[in-house]
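**Student:** Chains as they are written, first to last, in the working numbering: chain A, 1 to 334; chain B, 1 to 334; chain C, 1 to 214; chain D, 1 to 214.
Please note that a few of the clues may not be correct.
25 Å max Cα-Cα, derived PhoX-like pairs, lysine-lysine [unchecked claim]:
(1) C:K58 with C:K126
(2) B:K147 with C:K188
(3) D:K176 with A:K149
(4) B:K286 with B:K319
(5) B:K31 with B:K131
(6) C:K126 with B:K117
(7) A:K149 with D:K126
(8) C:K165 with C:K126
(9) D:K176 with A:K117
(10) A:K2 with B:K235
(11) D:K214 with D:K99
(12) A:K284 with B:K31
These aren't lab readings, by the way, just hints derived from the structure by calculation.
Residue-level listing of the chains:
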Amino acid sequence: MKLNRIINDPNLVVEDAIEGYVAAHPEFFSKTNHERVLKYPSIPQQGKVGIVTGGGSGHEPAFLGYVGKNMVDAVAIGEIFSSPTAGAFLDAMKAADGGAGVACLYGNYAGDNMNVKMAVKKAAAAGITVKTVVANDDVASAPITEKEKRRGVAGEILMWKVGGAAAAAGYDLDGVIAAAQKAIDNCRSIGVGLSSCIIPAVGHPNFNIDNGMMEVGIGHHGEPGINVVPLQPAKEMAATMLEPILTEGIFEAGSEVVVLVSGLGATPTMELYIYYAEVDRILKEKGVKVHRSYVGNYFTSLEMMGVTLSMMKLDDELKKLVDAPVHSLGMVQG
Amino acid sequence: MKLNRIINDPNLVVEDAIEGYVAAHPEFFSKTNHERVLKYPSIPQQGKVGIVTGGGSGHEPAFLGYVGKNMVDAVAIGEIFSSPTAGAFLDAMKAADGGAGVACLYGNYAGDNMNVKMAVKKAAAAGITVKTVVANDDVASAPITEKEKRRGVAGEILMWKVGGAAAAAGYDLDGVIAAAQKAIDNCRSIGVGLSSCIIPAVGHPNFNIDNGMMEVGIGHHGEPGINVVPLQPAKEMAATMLEPILTEGIFEAGSEVVVLVSGLGATPTMELYIYYAEVDRILKEKGVKVHRSYVGNYFTSLEMMGVTLSMMKLDDELKKLVDAPVHSLGMVQG
Amino acid sequence: MSEVVVIKNGVDVVNDLINVIVSNRDYLSEIDGAIGDGDHGINMAKGFNICKTRIDGKELTLSEALAELSDSLMEGIGGSMGPLYGCIFTGWSDSIQGKTELTKEDVQAMLVNGMSELQDISPAQKGDKCLVDTLFPAVETFQQAVKDGKTFKEALNIMKDAAAKGRDSTKDLVAKIGRASRLGERSKGVLDAGATSCCLLVTQLADSLEARIK
Amino acid sequence: MSEVVVIKNGVDVVNDLINVIVSNRDYLSEIDGAIGDGDHGINMAKGFNICKTRIDGKELTLSEALAELSDSLMEGIGGSMGPLYGCIFTGWSDSIQGKTELTKEDVQAMLVNGMSELQDISPAQKGDKCLVDTLFPAVETFQQAVKDGKTFKEALNIMKDAAAKGRDSTKDLVAKIGRASRLGERSKGVLDAGATSCCLLVTQLADSLEARIK
Ligand SMILES: Nc1ncnc2c1ncn2[C@@H]1O[C@H](COP(=O)(O)OP(=O)(O)O)[C@@H](O)[C@H]1O
Ligand SMILES: Nc1ncnc2c1ncn2[C@@H]1O[C@H](COP(=O)(O)OP(=O)(O)O)[C@@H](O)[C@H]1O
Ligand SMILES: [Mg+2]
Ligand SMILES: [Mg+2]
Ligand SMILES: [Mg+2]
Ligand SMILES: [Mg+2]
Numbered sequence: 001m002k003l004n005r006i007i008n009d010p011n012l013v014v015e016d017a018i019e020g021y022v023a024a025h026p027e028f029f030s031k032t033n034h035e036r037v038l039k040y041p042s043i044p045q046q047g048k049v050g051i052v053t054g055g056g057s058g059h060e061p062a063f064l065g066y067v068g069k070n071m072v073d074a075v076a077i078g079e080i081f082s083s084p085t086a087g088a089f090l091d092a093m094k095a096a097d098g099g100a101g102v103a104c105l106y107g108n109y110a111g112d113n114m115n116v117k118m119a120v121k122k123a124a125a126a127g128i129t130v131k132t133v134v135a136n137d138d139v140a141s142a143p144i145t146e147k148e149k150r151r152g153v154a155g156e157i158l159m160w161k162v163g164g165a166a167a168a169a170g171y172d173l174d175g176v177i178a179a180a181q182k183a184i185d186n187c188r189s190i191g192v193g194l195s196s197c198i199i200p201a202v203g204h205p206n207f208n209i210d211n212g213m214m215e216v217g218i219g220h221h222g223e224p225g226i227n228v229v230p231l232q233p234a235k236e237m238a239a240t241m242l243e244p245i246l247t248e249g250i251f252e253a254g255s256e257v258v259v260l261v262s263g264l265g266a267t268p269t270m271e272l273y274i275y276y277a278e279v280d281r282i283l284k285e286k287g288v289k290v291h292r293s294y295v296g297n298y299f300t301s302l303e304m305m306g307v308t309l310s311m312m313k314l315d316d317e318l319k320k321l322v323d324a325p326v327h328s329l330g331m332v333q334g
Numbered sequence: 001m002k003l004n005r006i007i008n009d010p011n012l013v014v015e016d017a018i019e020g021y022v023a024a025h026p027e028f029f030s031k032t033n034h035e036r037v038l039k040y041p042s043i044p045q046q047g048k049v050g051i052v053t054g055g056g057s058g059h060e061p062a063f064l065g066y067v068g069k070n071m072v073d074a075v076a077i078g079e080i081f082s083s084p085t086a087g088a089f090l091d092a093m094k095a096a097d098g099g100a101g102v103a104c105l106y107g108n109y110a111g112d113n114m115n116v117k118m119a120v121k122k123a124a125a126a127g128i129t130v131k132t133v134v135a136n137d138d139v140a141s142a143p144i145t146e147k148e149k150r151r152g153v154a155g156e157i158l159m160w161k162v163g164g165a166a167a168a169a170g171y172d173l174d175g176v177i178a179a180a181q182k183a184i185d186n187c188r189s190i191g192v193g194l195s196s197c198i199i200p201a202v203g204h205p206n207f208n209i210d211n212g213m214m215e216v217g218i219g220h221h222g223e224p225g226i227n228v229v230p231l232q233p234a235k236e237m238a239a240t241m242l243e244p245i246l247t248e249g250i251f252e253a254g255s256e257v258v259v260l261v262s263g264l265g266a267t268p269t270m271e272l273y274i275y276y277a278e279v280d281r282i283l284k285e286k287g288v289k290v291h292r293s294y295v296g297n298y299f300t301s302l303e304m305m306g307v308t309l310s311m312m313k314l315d316d317e318l319k320k321l322v323d324a325p326v327h328s329l330g331m332v333q334g
Numbered sequence: 001m002s003e004v005v006v007i008k009n010g011v012d013v014v015n016d017l018i019n020v021i022v023s024n025r026d027y028l029s030e031i032d033g034a035i036g037d038g039d040h041g042i043n044m045a046k047g048f049n050i051c052k053t054r055i056d057g058k059e060l061t062l063s064e065a066l067a068e069l070s071d072s073l074m075e076g077i078g079g080s081m082g083p084l085y086g087c088i089f090t091g092w093s094d095s096i097q098g099k100t101e102l103t104k105e106d107v108q109a110m111l112v113n114g115m116s117e118l119q120d121i122s123p124a125q126k127g128d129k130c131l132v133d134t135l136f137p138a139v140e141t142f143q144q145a146v147k148d149g150k151t152f153k154e155a156l157n158i159m160k161d162a163a164a165k166g167r168d169s170t171k172d173l174v175a176k177i178g179r180a181s182r183l184g185e186r187s188k189g190v191l192d193a194g195a196t197s198c199c200l201l202v203t204q205l206a207d208s209l210e211a212r213i214k
Numbered sequence: 001m002s003e004v005v006v007i008k009n010g011v012d013v014v015n016d017l018i019n020v021i022v023s024n025r026d027y028l029s030e031i032d033g034a035i036g037d038g039d040h041g042i043n044m045a046k047g048f049n050i051c052k053t054r055i056d057g058k059e060l061t062l063s064e065a066l067a068e069l070s071d072s073l074m075e076g077i078g079g080s081m082g083p084l085y086g087c088i089f090t091g092w093s094d095s096i097q098g099k100t101e102l103t104k105e106d107v108q109a110m111l112v113n114g115m116s117e118l119q120d121i122s123p124a125q126k127g128d129k130c131l132v133d134t135l136f137p138a139v140e141t142f143q144q145a146v147k148d149g150k151t152f153k154e155a156l157n158i159m160k161d162a163a164a165k166g167r168d169s170t171k172d173l174v175a176k177i178g179r180a181s182r183l184g185e186r187s188k189g190v191l192d193a194g195a196t197s198c199c200l201l202v203t204q205l206a207d208s209l210e211a212r213i214k
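Chain A with its partners taken away, still in its complex shape:
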C-alpha cells in the first residue's frame, strides 16, 4: 500500500514544508541560522517581550502559522509529532529576544518540557531571561487533581493570542507570563477522533479507530482518550464533549467565553460548522455567552478526522487581549 500523499522524501517532509512556507510567505517568515527556527521578519523588536513557541510538525497551521504581528515572534520546529531540539528552542529564544526577556509558551509534553528546560538554562547562560507557560488545557488527559499532567492542545492558540497581544501592548515579561498563564488557566479543551493518520516516515497508521466509532478525548498525536464509543450525531457529540469541560465549573451561567473549534485535518469544514451550531445552542441554553468564536483547521493532526473544542473564560483583560488585532497565517484579526 502506497502512501497517497503529496510529499517528496518521507524523511524530509519537515524540511520541504519549511521551504514552502518561507517561499510562499516572506511577509511572515524569515529564516534564521538554525534551519528549524523561523522568525517574524521585524523581530527582535527592542524593548518588546519576545514570544516563542515550538512543537512537533503535522499540526499546521500550529505552530509556525501563529508567527506574525502581535502573536508569536519565533518558532522552533520539530519532527512530525515530536518536540523540537533544545538547540532549536534556544535559537528561537535568541531570535526573539529584544532585551526585555522572552516568554516561551508551549504545550505540556515530556519532550517539550525537557528541551525547553535545557534551552532556558542555556539562554540564561547567554544572558537572556526566559520565563515559560506550559499549556495544559486538555481535560481528557488527566483529572483536575493532576492538572500538571494534562496535555496542551488547541487552547495553546488562545494562550499565544493573549501572550502576543500583551507583549505588543507593552506588558513586561512578568505581565506577559501572567496574562498567558491566566489564558490557559481559564481554558479547557477536548478532542474527538474519528479516524487515524499516517506519519509519512512511518507509512502506516499508528493507531486505529474502528469505522462507526469515535474516540472521546483523543490527543493530537492519536494518544488514546477516555472512551471509545459509537459515532454520535453532531448534536450528541457536542454534548458529550461539553460535559467534561463544563463540569469543571469555570464556565458558569453569565460568563463570557471564546470558543475555538478546530478540525483535526480531514474533516470537511462544513462539518465543523454543523458541530459549532450544536455547541452554540447548548451554551445558549446554559446562559454562557460566546464573545468570539473561531471555527476552522486551527490545530490539526495531519489527516485525522475529528474535532477539538476549546473554551476560554474571559475577564476584562483577556477580552481586550483576545480582541486585539493580529496578523498571522493561522489567525488574522482586524
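Add chains B, C and D with the ligands to chain A, keeping to what the hints say.
**Tutor:** For chains B, C and D with the ligands alone, coordinates are given in the frame of chain A:
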C-alpha cells in the same frame, strides 16, 4: 460501513452548516428571507455594484466563505456539489443590489448556467440589472479551442477578489464585469486528486482512485480528469500540473503572477507547502515572478485528498485589485 | 369515437411520477456515479419528495399538480435537474390548464410544449447523451402515432418503446453535455442517468394515463 | 590481576550501538505504536544515523564518540529521546574522558554518571514504565556485581540479565510517564518502547565491551 463524519441528518447537512456559519460569524453573515441566501451585514450599499456568487456546498470556504468586506456581497447556497436554485440566485441578486447593478460571478457548470440565466431574467423583470462572468479556468476540462466548455475551479476566488475590489473601488457595473472577466481570462487552474470523498446523503464514494495512483485534472466534484497515473512525488507532481498551464503561453518569462494552491480537503496543510515549494522553484527557473501566493484550503471538495494549482497573470490594474484589502472568512488581507 | 383520459385528481398521476422516482433513487444515483457525480437519484428524489409534501391529500387538476412538481424542482433542488425537469413540467402544466379530460391531441400538445420549454433553457441535442435522448424520440413518436391515427393506447405504447430505445441508445454515446461530457470517449459504455430517469417518468406517465382512458 | 577493556577506536563501539538501533527501527516503532505514537524506532534511528555520518571513518576515544552520539541526539532529533538518551550518553562520555582502557570501576562510574545525568532531567522512577525500568536495574546490578568482586565479564552478564528483566517488567506495569501515561490501566500488557531500546543498548554495550576485555 458507517459514515465517520460529523453530521446530524445526512440530508440536512447544508441547512445545519448554515446555522453554524451564522451563529459563529455574525460579523460576516446575515440571513435573508431565503434560507439558502446569506449576505454581508452592511449590504446593500447604495451606489456600489453588488457582487453575487453561488454554487454547490462541500467546497468550503467556497462559496460563502468569500462573503465579506470588499469581496462577495451575497451568496446563493446549493446542495452538496449542486447548483443553487434560480430562486436563490435571484434573492442573492436582490439582496446585493444597491441600485448600481449586480455582477454575478460564478463557475461554468450546466446547473449554475441555467439557474443563473433564469435568475437574471427574473431580476431584469424586477428592475435589477445583472451582468455575469462565468469562470472557466480549469485547463483540464476542455482544450483551449473549446474554452467555453471549461469548468470554473479555484480561480473563481481570484475572480471574486478582483471583482469585489473593483466594486469597492467604485467601478461601475461594466467596469466590475470587465475586471472580473480579465481576472478569469488571465487565470489557469488544474487539480490532482489522490482520494475520493463521500457525500453524506450518498453514503459511499461516488468515484474511486486506486491507492498509489493520482488523477490529473480531476474536477471539484470528482469529475474524471485527463489521466490516471502512478502517484508522483511533489516535485514531479508540480511539473505535471504546471505543464498544461504553461503551454497555453500566457505566463511568459518576466510576467508577474498570483499563485493559489488549494488543498481539496483532507491533504495535510504541510503538504500543500511541500508542493508549493516545488511550484515556486519551477516558476523561478522559468523567470515567472510570483507577486503573491495563497496556500491553504481555499476551495475544497469535502474530504478529498489532492491539490489544485491556479495562476493568474497580473497587469497593473489586476495587481492593484488583488492587493487591495479584503476581509472574509476565507481570505483576509491587510 | 374519440378516447379521452379522465383525470379526477391530478395529484394521483403526479404521485405515480413521484413514486417511480423515489423508488429508483439509489439506482439513478448509481448510474450517475459511473460517469457523473453520483447524485442524480438524490437530487430527483429530493425534489419529488418536496412535491409530495406539498400535494398529498389535495385535490388538484393535473395542470395544477404538475405546476407544483415544477415549482418543487425549481425551488427545491436547483442543480441541473431543477431547471431542466422544472421547465419540462412547466411546459406540460401550461398546455393543459383547467382540463380534467385529455384527448390524444391534448397529450401531444402537452408533450411538445414540455420539449420546447426545455429547449429554451438547454441547447442539448439528440445524441448528446442526456435526457433529451429519451424525451425527444418519445415526443416525436407520439406525435407521429397521433398523425398516423393510432389509438390513444397504441400511441402511448409506441411512446414507451421509443423512450426505452432512446434511453438505451445513450449507452453507446459519447457525452456532449453535462458533467459526463468532460470524459470524452471514457463516457461510453454506460447509460445516461438523466435519460434513465426521463424514461421512468415518460413510461409512468403513459401507464398512468392509459389506466384512465375512458 | 585486574581486567581491562581496551578500546582502540571508540567509533567501533558506538557503531555497534548505532547498528543495533537502526536494525531494530521498525520493531521499536511497532512497540511504541501499541501505547504511544509509533515513532520510537524512527526517532532513535534518525538520531543514531546522524551520528553515523558524523563519526564514520574517524578515530575517536570512546568518550569522544559517545559525545558525538549525545550531540547527534540532542541536536538532531529533539523529542523526548534527544534529551533523555542525550543526557545518558553525556554522562557516560564525561566520566571516561581521555581513556582508552576501562576497568570495571570505570564502567561502573560511567553507568552511574549516565543515570544521574538522566535524573537531572527526568523525574521518572522505577515502575513508571519507561526506559528507567531497564537502565536503573542494569546500573545497580553492575554496581553490586563489582562490589561482590565478580569478574568484568560476569558483571557485564549480570547487567544484561537485569536489563532484560527490567525491560520485561514493563509489560505488566501501568505507565506513569510519557505519552502512554495518559492511558492508565489500558497501558498494561505490552512492553515499553524506551525500555526496549534501552535494553538493546545496554546489552550491546556489554557485548562490545566484553569482546574487548584483555
Ligand atoms: N444541459 C443539459 N440538458 C439536458 N440534460 C442535461 C443537461 N445537463 C445535464 N443533463 C442531464 O443531467 C443528468 C445528471 O443529472 P444530475 O446528476 O442530477 O445533475 P448533476 O450533473 O448536476 O449532478 C445527466 O445524466 C444528463 O442526462
Ligand atoms: N520523562 C521520561 N523519562 C524517561 N523515559 C521517558 C520519559 N518520557 C518518555 N520516556 C520513554 O520514551 C519512550 C517513547 O519514546 P519516543 O516514542 O521516541 O518519544 P515520544 O513519546 O515523544 O513519541 C517511552 O517508551 C518511554 O520509555
Ligand atoms: Mg513521538
Ligand atoms: Mg451533482
Ligand atoms: Mg449528478
Ligand atoms: Mg513515540
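**Student:** Regarding the pair D:K176 and A:K117, is the alpha-carbon distance no greater than 25 Å?
**Tutor:** holds, 20 Å
**Student:** Checking one constraint from the list: CA of B:K286 to CA of B:K319, max 25 Å. Satisfied?
**Tutor:** The hint holds at about 20 Å.
**Student:** Would you check the hint for A:K2 and B:K235, treating anything up to 25 Å between C-alpha atoms as holding?
**Tutor:** holds, 17 Å
**Student:** Do the alpha carbons of D:K176 and A:K149 lie within 25 Å of each other, as the hint requires?
**Tutor:** holds, 10 Å
**Student:** Would the hint linking D:K214 and D:K99 be met if the CA-CA limit is 25 Å?
**Tutor:** holds, 15 Å
**Student:** So if I understand the rule, the pair passes when the alpha-carbon distance is 25 Å or less; does A:K284 with B:K31 pass?
**Tutor:** holds, 19 Å
**Student:** Starting from B:K31, check that the Cα of B:K131 is at most 25 Å away, please.
**Tutor:** holds, 24 Å
**Student:** Keeping to a limit of 25 Å between CA atoms, is the pair of C:K58 and C:K126 held or broken?
**Tutor:** violated, 37 Å
**Student:** Run the distance test for B:K147 versus C:K188: straight-line Cα separation, threshold 25 Å.
**Tutor:** Holds, because 23 Å separates the two Cα atoms, which is no more than 25 Å.
**Student:** Does C:K126 sit within 25 Å of C:K165, going by the straight-line distance between their CA atoms?
**Tutor:** holds, 13 Å
**Student:** Is the straight-line distance between the alpha-carbon of A:K149 and that of D:K126 25 Å or less?
**Tutor:** holds, 18 Å
**Student:** Please work out if C:K126 and B:K117 have their alpha carbons no farther apart than 25 Å.
**Tutor:** Status holds; Cα separation ~22 Å.
The structure shown violates just one earlier hint, number 1.
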